Structure formats: structure tokens, C-alpha cells
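Build out the structure end to end from the sequences listed, making use of the hints.
2 protein chains.
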Amino acid sequence: MQLRPIPLTAQGFEEFGQVVELAKLEHYAKQISINHGLTTRFHDLLNIDTNDQGGRPIVNVFRTSPLPLPHKVKVMERHPLGSQGFIPMGDQPFLVLVGRTAGRIEGRLDFDDLMHGDDLTLFLANGRQGINLKKNTWHHFQIVLNSTQDFIVIDRAGDGDNLEEIEVAGDVWIGDFNS
Amino acid sequence: MQLRPIPLTAQGFEEFGQVVELAKLEHYAKQISINHGLTTRFHDLLNIDTNDQGGRPIVNVFRTSPLPLPHKVKVMERHPLGSQGFIPMGDQPFLVLVGRTAGRIEGRLDFDDLMHGDDLTLFLANGRQGINLKKNTWHHFQIVLNSTQDFIVIDRAGDGDNLEEIEVAGDVWIGDFNS
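As you go down the protein sequences, you meet chains A and B in turn.
Here this note's numbering is used: the first residue of the first sequence is 538, the next is one more, and so on.
Here this note's numbering is used: the first residue of the second sequence is 538, the next is one more, and so on.
Among the hints, a few may not be true.
Any copy will do: because identical chains look the same in the list, a pair fits if it lies in one copy or spans two.
What the hints assert, rightly or not - Subject to a maximum C-alpha distance of 30 Å in a straight line, what follows is the list of computed DSBU-like cross-link-like pairs (lysine-lysine):
no., residue 1, residue 2
1, K567, K611
2, K672, K611
3, K672, K567
4, K609, K672
The hints are simulated quantities; they were obtained by calculation from the structure and are not laboratory data.
Only a predicted model underlies this, so the values are computations on that prediction, with no experimental measurement involved.
What follows is the structure in C-alpha cells.
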């Protein structure tokens, strides 16, 4: 099974989290004029949700190299204790692979403990889009396409087990976008 | 009085906050290899301090136009309830004007309620440096030099009065860096 990417939109991604349209903030974010009109504050872009079990939000840079494609999707992960936001520092497109929300997957987990290709959705971010994954959203690790890229990442530090993984059944692939 | 900029360094800025060396993260930040070696996580770069009086951290974009220079410095501000971090999305240099820490200024405030030119330090950030102002640090509003720039800003939302201002006495100027 070959996953086919669809363009990332706020509406399409709503089940999994938020999209931050860096190139179109004026259409998507609350604007406040400050600093005597020299600065526009695009206000409160991410739902930061990191306080469970005494957690705290942290700011990091993720420097991610391109994933060699084609790539067989073997495992998905989720963070049950915190949201995780990614804001690209460059403008190269990247992929976002997510799985259906916890409730539906939990139902399936009782059955065979595996995720299946039709549980997955592959989004293509245009490079000027950030995302913020809701707590407990199944996702693949970052898939950068063309060159090494830096992302500002806002996620959680603190006690507790904040990583779960699930295997993906069968032959599920992401094709080579460069060929 | 003409303020003379000095290069921004972590050591020189320590009294006022942190410097995030985006071009030299490998020398300044804790590194964790994740995603099967494809990603380096430069971990926990900012001391986020926004919880006073029920505050919460928020992520914003500040889009700031250049400040016309020369500029007379008339007022400084501080946020008594929260840190404020600025991470540039581009690579243009900018200025950071800060005032001595609260304790020393408080002493002076009892005297004449004004800040003076020799309380101020003007830093030149190279465009690949972010900063995180400590709670209660006197600072000028953003001073962008060449072209409109976007910054990721991590600061505080919540109840309480999180803005104080103080007048600057006398003739204190920032010169024109373009002439």
C-alpha cells in the first residue's frame, strides 16, 4: 500500500491538531498592533497542553535530515502527556503522517494491537506551515524531504511516560517524491 | 547621549536573560539524537517563566517593521509576571536595548522615578541569535534594522498587570546604523 499525500489544511488536520499558516497569519490569527504600530502580534497560535502530571512546556530546535524514500512505515508514536508543536525555520516542504485519534485506535488495539494503512493520513506541508499535534495523537517521526531543516518545537518535559509506540501492519510505504 | 551597540553574547546578556545561538546550537545546547539518528534535538533552550498569578505560556509571531533611526529613547518597559523569548525567523541583525535589573532600578526609582542613559545597554544581535528576557527585565520595544522581520515570541497570557513603563531622562539616542 502506497500512501498518497494530500495538502495540509487547518480543516483537514483538525482531528489531529492545529496548522499555523506562517504565510497567511493575517487570515488565521488574532492580530494586535503593538510598539506604536511597528509590530503586529499574531497572538496565541498554539494550544500548549503540557501540564499533565506536573509537566512543563519547553522550547527546542529539531534539526532533521531528509528521510530516504521510499520508506516503509513500520511504527507510529504518540505522546499521551503533551502536545507537540513544530514551526519550520525554513521554507522547504515536509510530510506529516498521522493516525486516527486515540478513541478509534484504542478500539482496534483491543482487537489486534496493530495500526493499519487505512488508519493513516499523509499530509504535505508547504514549508510555510507549522503544526501542533494534540496530546495523544498518533504520528510518524518527522519526514523532511529535500534538505536538513530546523524546526522550533514546543513540547513537554517532566515525569511520566510520554511515549507510546504501535506497529503498523503489512506493507505501507511512502514513495519517493524526488523521482 | 548616543548609545553604542556591543555584540550580543550569552555572557554579556546574562544579567538580562538568555541568548539562543541558532547558528551555534551544537556549542550551547544539550543535544539528543532521536528519530533513528535523523534528528538532533537541541533541548530546552528557554527558561519559560510565566506561571505567576495563574499565567500560561503562549506562542506568537511578532512581525516588526524597522524603527526609523536615529531614535530618541523615551521609555522602557518590563513584564513583571513573565519571561519573553524572541527567536528570529530570518537572519537580519537587530538591536536589543535593556536596562539594569529590577533591584538596582528600584533603588533609583525611590529617588527620581526615571531611568538614565547609563542604566542602559545596547546589544547588536547578529540575526541568528534569539533572546529570552527574564521576568521583570527593563527593555525597549523591538528594534529591527533593515527590513520587516518575523519572530517567534514565547511569552505569557493571564490575569494581572504584566506591563510597567519608565521614562528615560535626558537626551538618549540610538544612531542611524545605515548611514
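Evaluation of the provided hints:
For the homomeric pair K567 and K611, the shortest alpha-carbon distance between copies (29 Å) is at most 30 Å, but the shortest distance inside one copy (39 Å) is not. Proximity of K672 and K611 under a CA criterion of 30 Å is satisfied intra-copy only: 21 Å inside one chain copy versus 45 Å between copies. Taking the shortest alpha-carbon separations for K672 and K567, both the intra-copy value of 23 Å and the inter-copy value of 24 Å come in at or below 30 Å. In the homo-oligomer, the alpha carbons of K609 and K672 lie at most 30 Å apart inside one protomer (25 Å), although the nearest pairing across protomers, at 47 Å, exceeds that limit.
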